[in-house]
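Participant: Residue numbers (numbering that gives the first Met the number 0), protein chains in the order written: chain A, 0 to 328; chain B, 0 to 318.
Since the hints were made in silico from the structure, they are not lab data.
Wrong hints could be hidden among the right ones.
Straight-line C-alpha distance at most 20 Å; calculated SDA-like pairs for lysine to any residue [what the hints assert, rightly or not]:
no., chain 1, residue 1, chain 2, residue 2
1, B, Lys-291, B, Gln-248
2, A, Lys-50, B, Asp-225
3, A, Lys-296, A, Gln-127
4, B, Lys-289, B, Ile-273
5, A, Lys-50, B, Tyr-131
6, B, Lys-163, A, Arg-51
7, A, Lys-107, B, Ala-318
8, A, Lys-158, B, Tyr-317
9, A, Lys-158, A, Arg-18
10, A, Lys-107, B, Asp-315
11, A, Lys-107, B, Met-313
12, A, Lys-50, B, Gln-130
13, B, Lys-163, A, Asp-54
14, A, Lys-244, B, Tyr-317
15, A, Lys-107, B, Glu-306
16, A, Lys-107, B, Asn-78
17, A, Lys-50, B, Ile-2
18, A, Lys-158, B, Ala-318
19, A, Lys-107, B, Ala-88
20, A, Lys-107, B, Glu-314
21, A, Lys-244, A, Thr-278
22, A, Lys-50, B, Ile-161
23, A, Lys-107, B, Asp-263
24, A, Lys-50, B, Gln-132
25, A, Lys-107, B, Gly-113
26, B, Lys-25, B, Phe-300
27, A, Lys-107, B, Leu-312
28, A, Lys-107, B, Lys-79
29, B, Lys-163, A, Ile-57
30, A, Lys-107, B, Pro-307
31, A, Lys-50, B, Asn-157
32, B, Lys-163, A, Pro-49
33, A, Lys-107, B, Asn-89
34, A, Lys-50, B, Glu-133
35, B, Lys-25, B, Tyr-131
36, A, Lys-107, B, Ser-310
Here the structure is a predicted model, which means the values were calculated and not measured.
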Amino acid sequence: MKTMTYAEAIRAAMSEEMRRDENVMFMGEDVGLYGGAFGISVGMLDEFGPKRVKDTPISEAVIAGAAAGAAATGLRPIMEIMFSDFFTISMDALVNQAAKMRYMFGGKAQVPMVCRTPGGSGTGAAAQHSQSLEAWFCHVPGIKVVTPSTPADAYGLLKASIRDNNPIVFIEQKLLYRTSGEVPVDQDDFIIPLGLADVKREGTDVTIVTYGRMVQRALEAAEIAAEKGISVEVVDPRTLQPLDKDTIIKSVEKTGKLIVVVEAAQTGSYAGEIIASVTESDAFDFLDAPVQRLCGKDVPIPYNPTLEAAVVPQVDEIVAAIEKAVNRG
Amino acid sequence: MSIERETLLEMYLRMNQARAFEEKVKWGFARGMIHGTTHLSIGQEASGVASCMALDKGDKASLSHRGHSAAIGFGVDLNKMMAELLGRANGYCKGKGGSMHIADIESGNLGANGIVGGGFSISVGAALTQQYQETGNVVLCFSGDGATNEGSFHESLNLASIWKLPVIFYIENNLYAMSNPIEKSMNITDIADRAASYGMPGVICDGNDVFDVYQTIQEAAKHCRDGKGPVLVESKTYRWDGHSKSDAQAYRTMEERKEWMAKDPILRLRNHLIEEGIKTAEEVDAIDTKAKQDIEDAFEFAWNSPEPDVSTLMEDVYA
Numbered sequence: 000m001k002t003m004t005y006a007e008a009i010r011a012a013m014s015e016e017m018r019r020d021e022n023v024m025f026m027g028e029d030v031g032l033y034g035g036a037f038g039i040s041v042g043m044l045d046e047f048g049p050k051r052v053k054d055t056p057i058s059e060a061v062i063a064g065a066a067a068g069a070a071a072t073g074l075r076p077i078m079e080i081m082f083s084d085f086f087t088i089s090m091d092a093l094v095n096q097a098a099k100m101r102y103m104f105g106g107k108a109q110v111p112m113v114c115r116t117p118g119g120s121g122t123g124a125a126a127q128h129s130q131s132l133e134a135w136f137c138h139v140p141g142i143k144v145v146t147p148s149t150p151a152d153a154y155g156l157l158k159a160s161i162r163d164n165n166p167i168v169f170i171e172q173k174l175l176y177r178t179s180g181e182v183p184v185d186q187d188d189f190i191i192p193l194g195l196a197d198v199k200r201e202g203t204d205v206t207i208v209t210y211g212r213m214v215q216r217a218l219e220a221a222e223i224a225a226e227k228g229i230s231v232e233v234v235d236p237r238t239l240q241p242l243d244k245d246t247i248i249k250s251v252e253k254t255g256k257l258i259v260v261v262e263a264a265q266t267g268s269y270a271g272e273i274i275a276s277v278t279e280s281d282a283f284d285f286l287d288a289p290v291q292r293l294c295g296k297d298v299p300i301p302y303n304p305t306l307e308a309a310v311v312p313q314v315d316e317i318v319a320a321i322e323k324a325v326n327r328g
Numbered sequence: 000m001s002i003e004r005e006t007l008l009e010m011y012l013r014m015n016q017a018r019a020f021e022e023k024v025k026w027g028f029a030r031g032m033i034h035g036t037t038h039l040s041i042g043q044e045a046s047g048v049a050s051c052m053a054l055d056k057g058d059k060a061s062l063s064h065r066g067h068s069a070a071i072g073f074g075v076d077l078n079k080m081m082a083e084l085l086g087r088a089n090g091y092c093k094g095k096g097g098s099m100h101i102a103d104i105e106s107g108n109l110g111a112n113g114i115v116g117g118g119f120s121i122s123v124g125a126a127l128t129q130q131y132q133e134t135g136n137v138v139l140c141f142s143g144d145g146a147t148n149e150g151s152f153h154e155s156l157n158l159a160s161i162w163k164l165p166v167i168f169y170i171e172n173n174l175y176a177m178s179n180p181i182e183k184s185m186n187i188t189d190i191a192d193r194a195a196s197y198g199m200p201g202v203i204c205d206g207n208d209v210f211d212v213y214q215t216i217q218e219a220a221k222h223c224r225d226g227k228g229p230v231l232v233e234s235k236t237y238r239w240d241g242h243s244k245s246d247a248q249a250y251r252t253m254e255e256r257k258e259w260m261a262k263d264p265i266l267r268l269r270n271h272l273i274e275e276g277i278k279t280a281e282e283v284d285a286i287d288t289k290a291k292q293d294i295e296d297a298f299e300f301a302w303n304s305p306e307p308d309v310s311t312l313m314e315d316v317y318a
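Construct the entire structure; sequences and hints are all you get.
Facilitator: Here it is, written out as structure tokens:
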């Protein structure tokens with residue numbers, strides 16, 4: 000075990016996989032000498048050289064398309080899109096090409112590429128640098144979507160993603176980059192399989208399903224609720240596609256109450272999909288309170304810090320939702 | 000420029016197969032035996048076939064939505080290709096791709112593409128693999144004239160040029176992007192001019208002349224293999240049929256079509272074979288007949304092939 004930040008854990012995972020497999024390479028805007036807009040790849044150019052750590056022009060369409068073409072012909076590219084908002088420029092290559100190549104070519108292609116990109120608000124970057132677009136990617140069959148919430152998860156999930164043979168959108172959180180945690184870098188081949196949820200806190204009264212930066216808020220809310228005698232279970236799916244429905248359903252069958260917390264704008268968010276997977280399962284019979292979802296408000300992310308903070312679910316709102324669920328039951 | 004006799008005869012056969020294939024596809028559509036849509040390249044056979052045949056073993060090609068001639072030029076199993084158009088289980092894509100997605104990654108055919116301009120960046124990536132793994136191979140990237148107005152064209156040519164990737168951007172300029180004539184969609188006459196802004200060679204070839212196409216691609220491929228980076232080749236040609244099966248072609252005249260049909264690339268090669276004494280008229284007729292029979296056989300094979308079982312619906316979404 001080693002204490003490291005979320006950002007360092009991502010760098011460690013990329014570097015280890017590049018040492019392990021010559022065909023793994025990394026490209027994106029300013030990822031070389033500059034080390035990436037968030038400093039994730041600092042030092043990697045020195046270690047791996049310009050053949051394997053490639054600076055690209057500001058060209059998100061060809062970054063994604065080149066990754067897909069390289070992946071289909073034998074490389075295992077990792078690409079970085081500086082802000083997940085810029086994926087709008089990459090969408091044809093990801094959605095129409097990479098995601099569909101295997102299926103529409105009758106199973107004869109495989110596209111092992113990882114699209115790393117930071118998402119989420121909270122940095123004062125306003126409407127075009129702060130969105131949470133994970134539901135878009137989940138909606139396209141052929142793509143896997145990963146949303147780690149801790150340094151250890153980021154490390155283990157990124158290693159698994161690089162070894163996976165599918166296009167993967169790996170959504171990092173800008174506000175988590177500097178958070179620290181124990182990472183099992185000294186354990187040989189620590190891999191977290193995609194599609195495996197993690198129970199971040201065990202409890203018996205209420206289930207909260209959440210991912211990304213909202214996991215920390217849910218845990219804080221659970222702590223406050225515990226002082227009031229309410230036992231909250233926090234389930235982090237960690238990957239949204241594939242989604243570990245079993246762990247979520249089992250938890251709801253135990254607690255009988257479900258709250259889903261996501262940062263993304265509510266309408267069309269992945270919260271709806273998580274809730275549907277519970278309510279259409281046998282867990283429906285165990286529910287003894289209405290399901291609640293706490294999401295981002297349906298607005299573009301504003302610049303003013305007070306306004307920006309008000310967009311996403313707050314700890315006290317989560318506590319209130321927990322109490323509401325318990326009082327109903 | 001000379002082309003080896005055997006290669007030239009194989010080229011003539013494949014061009015005839017391509018013509019017969021598409022005539023058969025038209026026939027099948029008219030009778031409801033083939034569904035969906037398709038984009039025919041009749042009239043562009045030299046452009047599609049001779050360019051692919053100029054490649055070396057191990058080279059890759061990414062095809063456009065109008066990709067039947069190129070696929071046949073690259074080398075396909077005609078049975079599997081026709082079976083794919085009929086949506087059958089033993090087609091190239093198990094019936095899941097159809098006309099716009101004929102692909103055979105293993106042989107180097109990176110696939111036709113239903114997105115206009117979608118192949119540019121994919122080809123750049125495939126060329127990156129060739130450079131990275133030092134294979135010595137090149138990527139031939141097909142597109143039409145209209146695709147060069149897409150944003151991905153700019154990003155892809157720019158990246159390929161700064162990284163000196165071994166990719167030939169092969170633009171088949173057939174004068175119309177669906178109904179939109181080239182003079183209404185760009186302020187230049189020659190698409191090859193666009194190469195200058197990326198610091199790469201921009202070359203024009205007569206897309207209806209197998210010799211010019213073949214030589215131009217071989218020279219471009221050499222440029223790539225020498226590590227000098229990408230080349231843009233503009234192949235001037237013309238499609239005889241409409242954009243797709245539902246095109247009344249109100250945007251062009253019968254006179255223009257007749258003028259181009261007189262430049263029939265297959266007829267030109269046929270005349271050359273006879274005039275140069277490479278084959279007699281009777282021998283050339285025999286090649287024509289064989290090509291037609293190959294396509295009849297392919298259709299027969301495809302028609303008698305099984306439909307995909309519904310149980311295969313969810314297969315191959317993920318690796």
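Participant: All hints are to be evaluated individually against the structure, with a verdict given for each.
Facilitator: Outcome of the hint check:
1. For the suggested pair Lys-291 of chain B and Gln-248 of chain B, the alpha carbons sit about 27 Å apart, so the restraint of at most 20 Å is broken.
2. Restraint check: the Cα-Cα separation between Lys-50 of chain A and Asp-225 of chain B comes to about 18 Å, which is no more than 20 Å; the hinted pair holds.
3. A C-alpha spacing of about 16 Å is found between Lys-296 of chain A and Gln-127 of chain A, which places the hinted pair at or below 20 Å, so the restraint holds.
4. Between Lys-289 of chain B and Ile-273 of chain B the alpha-carbon distance is near 17 Å, which keeps this suggested pair within the 20 Å criterion.
5. Taking the CA atoms of Lys-50 of chain A and Tyr-131 of chain B, the gap is about 7 Å. The hint holds against a cut of 20 Å.
6. Annotation: proposed proximity of Lys-163 of chain B to Arg-51 of chain A holds, straight-line Cα distance about 15 Å (limit 20 Å).
7. A distance of roughly 9 Å separates the Cα atoms of Lys-107 of chain A and Ala-318 of chain B; the hinted pair therefore holds under the 20 Å criterion.
8. Between the alpha carbons of Lys-158 of chain A and Tyr-317 of chain B the distance comes to roughly 18 Å, so the proposed pair stays at or under 20 Å and holds.
9. A hinted pair counts as satisfied when its Cα atoms are at most 20 Å apart, and Lys-158 of chain A with Arg-18 of chain A qualifies at roughly 12 Å.
10. As the CA atoms of Lys-107 of chain A and Asp-315 of chain B are separated by approximately 9 Å, the hinted pair is consistent with the 20 Å bound.
11. Distance restraint check for Lys-107 of chain A and Met-313 of chain B: the Cα-Cα separation of roughly 15 Å lies within the 20 Å cut-off, and the hinted pair is therefore satisfied.
12. A hinted pair counts as satisfied when its Cα atoms are at most 20 Å apart, and Lys-50 of chain A with Gln-130 of chain B qualifies at roughly 10 Å.
13. Annotation: proposed proximity of Lys-163 of chain B to Asp-54 of chain A holds, straight-line Cα distance about 14 Å (limit 20 Å).
14. For the proposed pair Lys-244 of chain A and Tyr-317 of chain B, the alpha carbon gap of about 18 Å is at most 20 Å, so the pair holds.
15. The straight-line distance between the Cα atoms of Lys-107 of chain A and Glu-306 of chain B is roughly 19 Å, inside the 20 Å bound, and the hint therefore holds.
16. Proximity of Lys-107 of chain A to Asn-78 of chain B is assessed by CA-CA distance (about 18 Å); at most 20 Å being required, the pair is judged to hold.
17. Only pairs whose Cα atoms come within 20 Å are accepted, and Lys-50 of chain A paired with Ile-2 of chain B is rejected, the gap being roughly 38 Å.
18. Proposed proximity of Lys-158 of chain A and Ala-318 of chain B is supported: the alpha carbons are some 17 Å apart, at most 20 Å.
19. For the hint pairing Lys-107 of chain A with Ala-88 of chain B, the CA-to-CA distance comes to about 14 Å; that is within 20 Å, so the pair holds.
20. Among the hinted pairs, Lys-107 of chain A with Glu-314 of chain B is consistent with the structure: their alpha-carbon atoms are about 11 Å apart, no more than 20 Å.
21. For the suggested pair Lys-244 of chain A and Thr-278 of chain A, the alpha carbons sit about 11 Å apart, so the restraint of at most 20 Å is met.
22. At most 20 Å may separate the alpha-carbon atoms for a hinted pair to count; Lys-50 of chain A and Ile-161 of chain B meet this at roughly 13 Å.
23. Annotation: proposed proximity of Lys-107 of chain A to Asp-263 of chain B is violated, straight-line Cα distance about 36 Å (limit 20 Å).
24. Distance restraint check for Lys-50 of chain A and Gln-132 of chain B: the Cα-Cα separation of roughly 11 Å lies within the 20 Å cut-off, and the hinted pair is therefore satisfied.
25. Of the supplied pair hints, the one linking Lys-107 of chain A and Gly-113 of chain B holds, its CA atoms being roughly 18 Å apart against a limit of 20 Å.
26. Annotation: proposed proximity of Lys-25 of chain B to Phe-300 of chain B holds, straight-line Cα distance about 17 Å (limit 20 Å).
27. Between Lys-107 of chain A and Leu-312 of chain B the alpha-carbon distance is near 15 Å, which keeps this suggested pair within the 20 Å criterion.
28. As the CA atoms of Lys-107 of chain A and Lys-79 of chain B are separated by approximately 14 Å, the hinted pair is consistent with the 20 Å bound.
29. Under the criterion of a C-alpha separation no larger than 20 Å, the hint pairing Lys-163 of chain B with Ile-57 of chain A is consistent with the structure, at around 17 Å.
30. Among the hinted pairs, Lys-107 of chain A with Pro-307 of chain B is consistent with the structure: their alpha-carbon atoms are about 16 Å apart, no more than 20 Å.
31. At most 20 Å may separate the alpha-carbon atoms for a hinted pair to count; Lys-50 of chain A and Asn-157 of chain B meet this at roughly 18 Å.
32. The straight-line distance between the Cα atoms of Lys-163 of chain B and Pro-49 of chain A is roughly 14 Å, inside the 20 Å bound, and the hint therefore holds.
33. Taking the CA atoms of Lys-107 of chain A and Asn-89 of chain B, the gap is near 13 Å; set against the 20 Å cutoff, the hint holds.
34. Between Lys-50 of chain A and Glu-133 of chain B the CA atoms are separated by roughly 12 Å; this keeps the pair inside 20 Å, and the hint holds.
35. Straight-line distance between C-alpha atoms of Lys-25 of chain B and Tyr-131 of chain B comes to about 42 Å, which puts the hinted pair past the 20 Å bound.
36. Proposed proximity of Lys-107 of chain A and Ser-310 of chain B is supported: the alpha carbons are some 18 Å apart, at most 20 Å.
The structure fails hints 1, 17, 23, 35 (numbered hints given earlier, in ascending order).
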